[in-house]
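Asker: Following the hints, put chain P in place on chain X, whose structure we already have.
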Amino acid sequence: MLTPVNSGRLSDQHGLVTVQMRQHARGFTIVDIGTILGLAHLLQEEDRRRLINSPIDFRTFNAVY
Amino acid sequence: MRGDNHQEENDLCLHLVGCESHFNFIKMHLLSHFCDHICQFANIAKYSTEIGELPHKMQIKDRWQHWNHNDAARHIVHSYGRQHAMRMRLLNLESLQCHDADLSGDVLHHLDRTASTVTVAPPVVCRRVLKVRWEDVSNVVDFTWIPGVSLEIIYSELIRYSRHNLPIAHRLPEYHAMLRSLPVEILTQLEIPVLAFQEAAVYDIHSPRSTGDLHFSNQSSRNDWVWVQAGTEAMYRALRGRPLGKLVGLLKIRD
Numbered sequence: 001m002l003t004p005v006n007s008g009r010l011s012d013q014h015g016l017v018t019v020q021m022r023q024h025a026r027g028f029t030i031v032d033i034g035t036i037l038g039l040a041h042l043l044q045e046e047d048r049r050r051l052i053n054s055p056i057d058f059r060t061f062n063a064v065y
Numbered sequence: 001m002r003g004d005n006h007q008e009e010n011d012l013c014l015h016l017v018g019c020e021s022h023f024n025f026i027k028m029h030l031l032s033h034f035c036d037h038i039c040q041f042a043n044i045a046k047y048s049t050e051i052g053e054l055p056h057k058m059q060i061k062d063r064w065q066h067w068n069h070n071d072a073a074r075h076i077v078h079s080y081g082r083q084h085a086m087r088m089r090l091l092n093l094e095s096l097q098c099h100d101a102d103l104s105g106d107v108l109h110h111l112d113r114t115a116s117t118v119t120v121a122p123p124v125v126c127r128r129v130l131k132v133r134w135e136d137v138s139n140v141v142d143f144t145w146i147p148g149v150s151l152e153i154i155y156s157e158l159i160r161y162s163r164h165n166l167p168i169a170h171r172l173p174e175y176h177a178m179l180r181s182l183p184v185e186i187l188t189q190l191e192i193p194v195l196a197f198q199e200a201a202v203y204d205i206h207s208p209r210s211t212g213d214l215h216f217s218n219q220s221s222r223n224d225w226v227w228v229q230a231g232t233e234a235m236y237r238a239l240r241g242r243p244l245g246k247l248v249g250l251l252k253i254r255d
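Protein sequence lines correspond, in order, to chains X and P. Residue 1 is where the first sequence starts when you use my numbering, and the numbers rise one by one after that. Residue 1 is where the second sequence starts when you use my numbering, and the numbers rise one by one after that.
A portion of the hints provided could be inaccurate.
Distance windows between CB atoms, simulated [what the hints assert, rightly or not]:
1. P:Ala72 x X:Asp47: 31 to 37 Å
2. P:Ser138 x X:Arg22: 40 to 46 Å
3. P:Glu174 x X:Met1: 48 to 54 Å
4. X:Leu42 x P:Ser217: 18 to 24 Å
5. X:Arg9 x P:Ser207: 53 to 59 Å
Residues of chain X placed beyond 10 Å of chain P at every Cβ, according to the derived structure [what the hints assert, rightly or not]:
6. Arg9
7. Gln23
8. Asp32
9. Glu46
10. Asp47
11. Arg49
Quick partial rundown of chain X residues pointing at chain P, CB under 7 Å, derived from the structure [claimed, not checked]:
12. Val5
13. Gly8
14. Val17
15. Gln20
16. Met21
17. Ile30
18. Leu43
19. Leu51
These are calculated hints, taken from the structure and not from any lab test. Glycine included, each C-beta is placed from N, C-alpha and C at the ideal position.
This is chain X alone, in the form it adopts within the complex (with noise of 0.2 Å):
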């Protein structure tokens, strides 16, 4: 799981949530499929550290492209 930079809030620069990676933490979770919401996508910043582009639309995504 990542966990959310600046407990989530949006960033002044380009409008998305940043997300790194855990580096202490256990391997992996084990979670229900029912909790599973849908496909994310995300955009390499740094190393660690992803935005999340929530703006895209799947739909449109992969009907077009």
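Answerer: Then chain P, alone, in the frame of chain X:
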């Protein structure tokens, strides 16, 4: 007398121009403003690119591919305009038919034919479906492809999940030897119905995959990022209780 008629026609034209001419429609350059909008207004919830992207594909890209590229712009506009006019004509005729207007036999026959070609999409089953079973897996020991994750960690995580999520009658055994012998299936694809943008009963199917360290479609392995509902909406601010995680395996424990 003739001058009065001419003046009346001019007034009518000006009136029509005033009423019907406006620019209140979606422009093709809308896409170019998305980036600026996000910078100005931050993350806009449910911001859809559908209006701009689909016309771009249907009106321009599809027709460009089916044309010989000679004088393409004029032919694309002409072809799209003709199809649009035909669709409007059909809609008008269907509306007239609904109001019991006196239509000729040919028109009614054509309307029946076009109506019969419309196929109704089957209803989407709104539940998650696990797909693509991995054949050579029979127990938890085979589920050890995740880098840096030992069998001990998998056992402890299974026990934690069982304690927190399963009813007492269905909890997993807490002895490692018994966990090791549990019959399991490993799958590589999960189909998730997601409510479409501004729709109440239309679902898009998201298909996150987890192929572990195996190749996917002759390319590198694929382990998709997914949203997970892990708390209340007050958590994680803009994420609303939905952190992200990488799907590294889909495990199903058989009865």
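Asker: For every hint, state whether the structure bears it out.
Answerer: Hint-by-hint comparison with the structure:
1. P:Ala72 x X:Asp47: 31 to 37 Å: Distance hint for Ala72 of chain P, Asp47 of chain X is violated at roughly 45 Å.
2. P:Ser138 x X:Arg22: 40 to 46 Å: Distance hint for Ser138 of chain P, Arg22 of chain X is violated at roughly 32 Å.
3. P:Glu174 x X:Met1: 48 to 54 Å: violated (24 Å)
4. X:Leu42 x P:Ser217: 18 to 24 Å: Since the Cβ atoms of Leu42 of chain X and Ser217 of chain P sit about 20 Å apart, the hinted range of 18 to 24 Å holds.
5. X:Arg9 x P:Ser207: 53 to 59 Å: The hinted range 53 to 59 Å is violated for Arg9 of chain X and Ser207 of chain P, with Cβ atoms some 31 Å apart.
6. Arg9: Given that some Cβ of chain P is not farther than 10 Å from that of Arg9 of chain X, nearest at about 5 Å, it is violated.
7. Gln23: Non-interface label on Gln23 of chain X holds, nearest chain P Cβ at 12 Å vs cutoff 10 Å.
8. Asp32: Nearest chain P Cβ is 6 Å from Asp32 of chain X, so the label is violated.
9. Glu46: With a cut-off of 10 Å, Glu46 of chain X remains clear of chain P, as the shortest Cβ separation is near 16 Å.
10. Asp47: holds (15 Å)
11. Arg49: holds (12 Å)
12. Val5: violated (11 Å)
13. Gly8: holds (4 Å)
14. Val17: With Cβ-Cβ at 5 Å, under 7 Å, it holds.
15. Gln20: Hint violated; Gln20 of chain X Cβ to chain P Cβ min 11 Å, cut 7 Å.
16. Met21: violated (9 Å)
17. Ile30: holds (4 Å)
18. Leu43: Violated - the Cβ of Leu43 of chain X stays beyond 7 Å from chain P, reaching only about 11 Å at its closest.
19. Leu51: Since the shortest Cβ distance to chain P is 11 Å, the answer is violated.
Violated hints, in rising order: 1, 2, 3, 5, 6, 8, 12, 15, 16, 18, 19; the structure is consistent with all others.
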